[in-house]
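Protein chains in written order, with the numbering used here: chain A, 1 to 312; chain B, 1 to 629; chain C, 1 to 558.
Simulated from the structure, these hints should not be mistaken for laboratory data. The reader is advised that the hints may include incorrect statements.
Unchecked claim - Some chain A residues judged to face chain B by a derived CB distance under 10 angstroms, without partners named:
1) Ile43
2) Cys49
3) Thr53
4) Val57
5) Ser78
6) Met100
7) Val118
8) Ile122
9) Arg131
10) Ala158
11) Cys188
12) Phe205
13) Asp219
Stated by the list, open to error - Some chain B residues well away from chain A (every beta-carbon gap over 10 angstroms; in silico):
14) Pro24
15) Ser51
16) Ala87
17) Glu348
18) Gly375
19) Asp528
20) Leu575
What the hints assert, rightly or not - For the chain B half of the interface with chain A, some residues (derived, Cβ under 8 angstroms), not all of them:
21) Trp29
22) Glu33
23) Glu547
24) Ser548
25) Val553
26) Val557
27) Arg568
28) Leu584
The structure displayed is predicted, hence computed values, not measured ones. Note that CB positions come from ideal geometry on N, CA and C, so glycine has one too.
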Amino acid sequence: MTTMAPASTPVALRRNVELTVDGEPVTVPEGSTILEACRAQGIEVPTLCYLETLAPVNVCRVCVVELEGSRALVPSCSRPVAAGMVVHTASERVRTSRRMVLELLASSVDLSTADGDVHRWIDEYGARPERHGPSAPPGDRDHAHAGHHEPPEVGLAATVAQVVKRDNDQYVRDYSKCILCYKCVEACGEEAQNTFAIAVAGRGFDARISTELDVALPDSACVYCGNCIAVCPTGALMFVSEHDLRAQGEWDEDRQEVTRTVCPYCGVGCNLELHVQDNRIVKVTSPLDHDVTSGNLCVKGRFGFEFAQGGG
Amino acid sequence: MDLRTPEAPPTAEERFAVDSVLGPPESGWFGGERTPLDGHVALGGLAKARSRRHLLLPALHAVQEQVGWISLAALGYLCERLDLAPAEAYGVASAYALFTFEPAPPVVVHVCDDVACRAACGGDPTEELAARHGPPGSGTTVTWRPSPCLGHCEHGSAALVQKAGAGGGRASLAPFTAGDMDRLVALGPQVELEDLPVPLALVPQAGAEGSQLRLLRRVGRLDPSSLDAYRAAGGYEGLRRALEMGPSGVIAELEEAKLLGRGGAAFPTGAKWAAVARNPVRPHYFVANADESEPGTFKDRVLLDHDPYALLEALTIAGVTTGAEKGFVYLRGEYPVAAARLEHAAAEARNRGLLGSDVMGSGLRFDLEVRRGAGAYIAGEETALFNSLEGRRPEPRNKPPFPVDRGLFEKPTGVNNVETLLSVLEVLAMGAAAYARQGTPDSTGTRLFCLSGCVARPGLYEVPMGTTLGSLLGLAGGVAEGRSLRAVLLGGAAGSFVGPEDMDLPLSFEGVRAAGTTLGSGVVVVLDDTVDMTAFVGRVARFFRDESCGQCVPCRVGTQRQEEVLGRLVAGRPLGSVGDELALLADLDQVLRDASICGLGQTASSVVTSALRRGLLGNGALSGNGRQP
Amino acid sequence: MFGAGGGTSSYREIEETDLVVLWGSNAREAHPIFFHHLLKGLRRGAKMYAVDPRRSTSAQWADAWLGIDVGSDIALANTVGREIIKAGLVNIEFVRRSTTGFDEYAAAVEPFTLAEGERLTGVPASVIADFAHDYARADRAQLCWTLGITEHHTATDNVLALCNLSLLTGHVGRYGSGLVPLRGQNNVQGGGDMGALPNKFPGFQDVEDDAIRAKFDAAWGVTVPAQRGWHLAQMFDAMERGDLRALYVLGENPAQSEADNHRAVRLLEGLDHLVVQDIFLTKTAQLADVVLPAAVAAFESEGTVTSSERRVQRLRPALRPPEGARDDVEILGELARRLGSDWGHPSAEEVWDECRSLSPMHAGMRYDRLEALGGIQWPCPSEDHPGTPFLHGRLWEEDPDRRGRLAPFSPVAFEPPLDELTEEFPVRLTTGRRLDSFNTGVQSGGYASPLRRPETLDLSPEDMAALGLAEGELVEVTSRRGSITVPVHLERSLRPGLAFMTLHFPDQADTNVLTLDTWDPKSGTAEFKATAVRVDRLPEAVGAEPVAEPVAEKLEVG
């Protein structure tokens, strides 16, 4: 029998920082972000590109807040707190920028399968995507050349609409729904999987998620871990299982039960969340708050459940 | 890394191009021939991959120049060499306008159709080309494409000729006429780039009576290839002085001179250098930002084409003062002459011990590299520039952290533009007190202005800070052909308009700030009453739509929407009322200014807003208030 | 390690270590999420060494890959050990305070000079020296391995050779420094924890210890046999001798997973009685007299499993099992009842609570605590104990009483693989896993993997060219035990003379027809990793369409 080692592991002590949010004093640990300070106060700050398991990329700008002394608004998801900061989360400037960000996205991206919060925010902030005009027809975005674009057709609002990409048995990529939040790129890259099968390519309104020269996923480095799909907030990336059930009108989250268990493959002990509808697994995710996986899985854990329901 | 690179092998030409930058492959695992030793050992790892990633852009340039385009196989080979994922490399490469991924004719002529050239010719300079040589991209051996500003604004027209293969590279042609295009088409791939005339620098004050040029005093008067000529003209005395004074002495001098950065933000140069110098994290870097891409700006081109040693000397002073042992000159990719002359100058300086392990016998180490951009305005934003140098997408970083704390390669970094660095030489040459006596109390020294458009004597001008707009225009002979002035675009695409009533505007930081405008990069585009203002402002909107990096929503979608609204207004087909459209533009303006990550997005609506305020877009659609059916 | 059958470290430690050694482990494909933790360490600046005959996808992340000859692990470890000693890099304080047998170890490794190491392993001496110096100098170092170490006839000695290196350098028992054997299945660790070993009760308590046996006798009201049982390889030998006549197989597929499986099938067929409890009608189940259909443990039943970092976590049922399939606990209880012992109908939690009452290292792991803490790492001796992220901290204690039993060096001799390379069998075949598949494929074969491709004999570009083979061409692979026909695949991660196959597709290409079933007398593991084979082109007109041009031509182009 082994004697016990001290169970504690090194944890750096953090000092506290005091700041003011919407007129109220808030104390949070040093190194916290303004977003964390807001959430500690129970203040809702909308976020799209933020996820607690990924380093903030602060690109969507829907979480901006007004920081006294700062010329422009600041992204709350990435700005660390500093003593004495005075932050406003509901000023007219903040509301205008959030409204416009939501409006710009909603006018250019199909948000039909986005998280429910997005639609609530669109209403709450009064975004009016229709004022940018009717949508222009889908285009070939994968071959756009940086620095060149055709003049916009008068009266139509350009969108990111394009043909759905379905080139393998497990993933569907519908980039008409992509808000370019960078989460999939981060999850495929340094933040988790380190496969780098996809990256942001092109620039400006033509920026897009792409493999090298848009080769099909089976020709890319993709290893089908599904970690990109797990972090996608809009359904642009979807498992075939979910996509097809939705297409058949069968997808019903109210009828689904989510059960946490341990993956039946290797000995790492990844936690699975099995989404079960009518005694069939329709999707597999992993809890973000479990430090073995931080929400990530491999291809076996993600898709290798068919053996339990008559596959193979 | 466990890469999956494309299976198709590169051509010999592609391999040669990549190897010309990276050297021969070191083992069979990274692009070379497999040897028996490779069967038992491979040396790789993240540290090595990270340390080589910065070579991505130079290697992409090499392939593009050698082959004329970048194939999947070439990208794959390059990635194997750099231990870099092909998707990432593509993500980087596709963010630059000068890289292409489909076979292209061997000769590509990029023709400027930007604001200054439009103002100069009163219309779209590419219309005639399209009529004579077909639409952009047509042609099998020679083709043409419209381009944003190429930095030859004083000539009123310009082209960048790009030729692939042996004897290939890039060359500038300015002025550039449809006749030049006819000759290029006739020559085809036989065109010899070195036979094309090097564009002149127009410095109308040079030799003029009473003009006391400082920054421009050597331009056109020295052989730009001769280090000895530069030294004979007083060159490298500033470095000697800086070494004698030591870092704290130099910084004190800059602070006393009240030198402010010429990049637009007007940050005190001495304070910036001091912050880098005292940062305990090592190593430090210093970067000269010569990615001049602001439409209407050509001062760096003039300075670097004709006085390259001055920048090297100034950068060396910055390095030894801030404790940086490595410097970079980030030069825009469209300046082939400056690139060649800077490279030559750096080699000469190294040869004479003015760069290297013992700078001017001081025992201090400093060396620099010249790196070229590849057609991305955003790379001039300092943090996007760092990303570009590091081989990443030229996307601005969120600030803070600021470069002096975490800049290039995550290390403390100083970055100044060319004019600021050259002004440092003047401070050291004349002494802080004398320097500060020039200009105004709050804006000391002289300033360069790029005059173009409908002006009698376009060119690069140097005047004391605080000189009025009217006197500057007077120096340049006023509006060309005696026509009447409609407006002046001050500061470039990120600037704003002033009008005939603003001739008393003092061109100092505080003067323009009080007037709600900006000096920006010193752009002064003169517009007379013949210029098509809607097309002019539309070009600016198109420019931002093209140059946005696409990272943040306000700029990525906002610049698209701005161009669309403008298009509707110009066409007289507003959605709802004109008032609705103007409200939409105001909203776009606010989200761009307030919520964009960087200065590009924050100023992307500036010209449009300014034009509307001044009523420059005419009365047509904009005055109507009736709803469209 | 040193008495407890588990890895010493937590995954989190590899994120904060300074040097990672991956030895005989392709974790990138076999343990992908562990590799995420490893990558965090690399991103933070840790250096990585990989020891593997193949430059696997894992090894491609290494600062240095040491491509050893198959089965020369002990030679490399002993050379590294000697070099650490010669370079004066031994952690003398740790060796003095916490270990025994250093002198014998030093003497045993003395012949393994760098030159000798290079000769025996194929790895350049300078690279071995760098490896030795970096491992010894690192402030924290994690040494990880998998089946590349244990699927040899010297399995146990291989492990001991690595443990010796950790003792020399003090890279054990501290946060960030440890020994990490990665487990291949989700409950290999738990099986051992629960006493599914010939000589252990739950909690690694020795069956041959009278006091411990008495505790179990009292709890269970039976007399437990005083001698240890057989491990798997011994069972097959016993079948061969006729000493073992009946077998109850739970969730294993030995008819396909055993080395030299012609022999395995013959012996299983020769049994008087074979019972198989499984979720599939496996090849083994097809040989059975009785098949007991089981529920899928991970998806359809309640229970616990233990991961490679000794973390016990709960399984929960998400699906109703198909008609007739039953939970393992229920089947075992029913079997006991039929055999005359009524265990009642205990829930999984009740079974677990009994285990906790008998296994001190599990005592504190109440179900609700497992739930709340996201699993607990053993040992967890009491209900207020948080679990143990790393083992053997005691070795660093100043007080000899708290330090406990010292860790012994275990000098080990180098023996090359048994299946010798000869002119007749000139190619070394080694085996391993692919990312999207698992073991014999019965679980992983069920889903549509976009990565899946059939079994191939993977050969180096040089060997493909020398044999004039085209991608996809069928070849006959022959070992001293049998032959199979399989398509070839060009694989750049291999060097000349080294071939690779998986075990995932036994129905298509039964790799274990070729492998040698000689097993390690200490662990019972067979030598799957080192087979001598010959590769022959098939005579013309077998009907196989090459899918590509011959490689020789392809190489000339490149």
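Checked hints:
The restraint placing Ile43/A at the interface with chain B is violated, with a minimum CB-CB distance near 18 angstroms, outside the 10 angstroms limit. At its closest, the beta carbon of Cys49/A sits 9 angstroms from a beta carbon of chain B; the interface hint therefore holds under the 10 angstroms criterion. Below 10 angstroms, beta-carbon pairs count as interface contacts, and Thr53/A has none with chain B, the closest being about 19 angstroms; its hint is therefore violated. Of the supplied interface hints, the one on Val57/A holds, with its beta-carbon coming within about 8 angstroms of a beta-carbon of chain B, less than 10 angstroms.
Hint on Ser78/A holds. Least Cβ distance to chain B is approximately 6 angstroms, under the 10 angstroms limit. Of the supplied interface hints, the one on Met100/A holds, with its beta-carbon coming within about 4 angstroms of a beta-carbon of chain B, less than 10 angstroms. The restraint placing Val118/A at the interface with chain B is violated, with a minimum CB-CB distance near 13 angstroms, outside the 10 angstroms limit. At about 14 angstroms, the closest approach between the beta carbon of Ile122/A and any beta carbon in chain B exceeds 10 angstroms, and the interface hint on this residue is violated.
Because the closest C-beta pair between Arg131/A and chain B is about 6 angstroms apart, less than 10 angstroms, the hint holds. Hint on Ala158/A holds. Least Cβ distance to chain B is approximately 5 angstroms, under the 10 angstroms limit. For Cys188/A, the interface hint holds, since its Cβ comes within 10 angstroms of a Cβ in chain B; the closest pair sits about 8 angstroms apart. Residue-level restraint check for Phe205/A holds (minimum Cβ-Cβ distance to chain B is 4 angstroms; threshold 10 angstroms).
Because the beta carbon of Asp219/A sits about 8 angstroms from the nearest beta carbon in chain B, less than 10 angstroms, this interface hint is met. Even its closest Cβ contact with chain A, about 24 angstroms, leaves Pro24/B beyond 10 angstroms, as expected for a residue assigned away from the interface. Once the 10 angstroms rule is applied to beta carbons, Ser51/B is consistent with being away from chain A; the minimum gap is 16 angstroms. Not every CB of chain A is more than 10 angstroms from the CB of Ala87/B (nearest about 4 angstroms), against its label as outside the interface.
Every C-beta of chain A lies more than 10 angstroms from that of Glu348/B, the closest at about 35 angstroms, which supports listing it as non-interface. Chain A draws Gly375/B into its interface by the beta-carbon criterion, the shortest separation being 6 angstroms against a cut-off of 10 angstroms. Distance to chain A confirms Asp528/B as a non-interface residue, since its nearest Cβ pair spans about 26 angstroms, more than 10 angstroms. With a closest Cβ-Cβ approach of about 5 angstroms to chain A, Leu575/B is found to fall inside the 10 angstroms limit, against its non-interface label.
The interface hint given for Trp29/B is violated, since its Cβ lies 17 angstroms from the closest Cβ of chain A, which is over the 8 angstroms cut-off. With 8 angstroms as the threshold, the beta carbon of Glu33/B stays out of range of chain A, its nearest partner Cβ sitting at about 24 angstroms, so the hint is violated. Contact between Glu547/B and chain A, as hinted, is supported at the beta carbon level, the nearest pair being about 7 angstroms apart and thus within 8 angstroms. With 8 angstroms as the threshold, the beta carbon of Ser548/B comes within range of chain A, its nearest partner Cβ sitting at about 4 angstroms, so the hint holds.
Given hint, Val553/B at the interface with chain A, holds; its Cβ is 5 angstroms from that chain's nearest Cβ, closer than 8 angstroms. Interface restraint check: Val557/B against chain A, minimum CB-CB distance 4 angstroms, threshold 8 angstroms, status holds. The criterion of a C-beta within 8 angstroms of any C-beta in chain A is met by Arg568/B, whose closest approach is roughly 6 angstroms, and the hint holds. This hint holds: Leu584/B has a C-beta 6 angstroms from the nearest C-beta of chain A, less than the 8 angstroms allowed.
Of the numbered hints given earlier, the model fails hints 1, 3, 7, 8, 16, 18, 20, 21, 22; all others are met.
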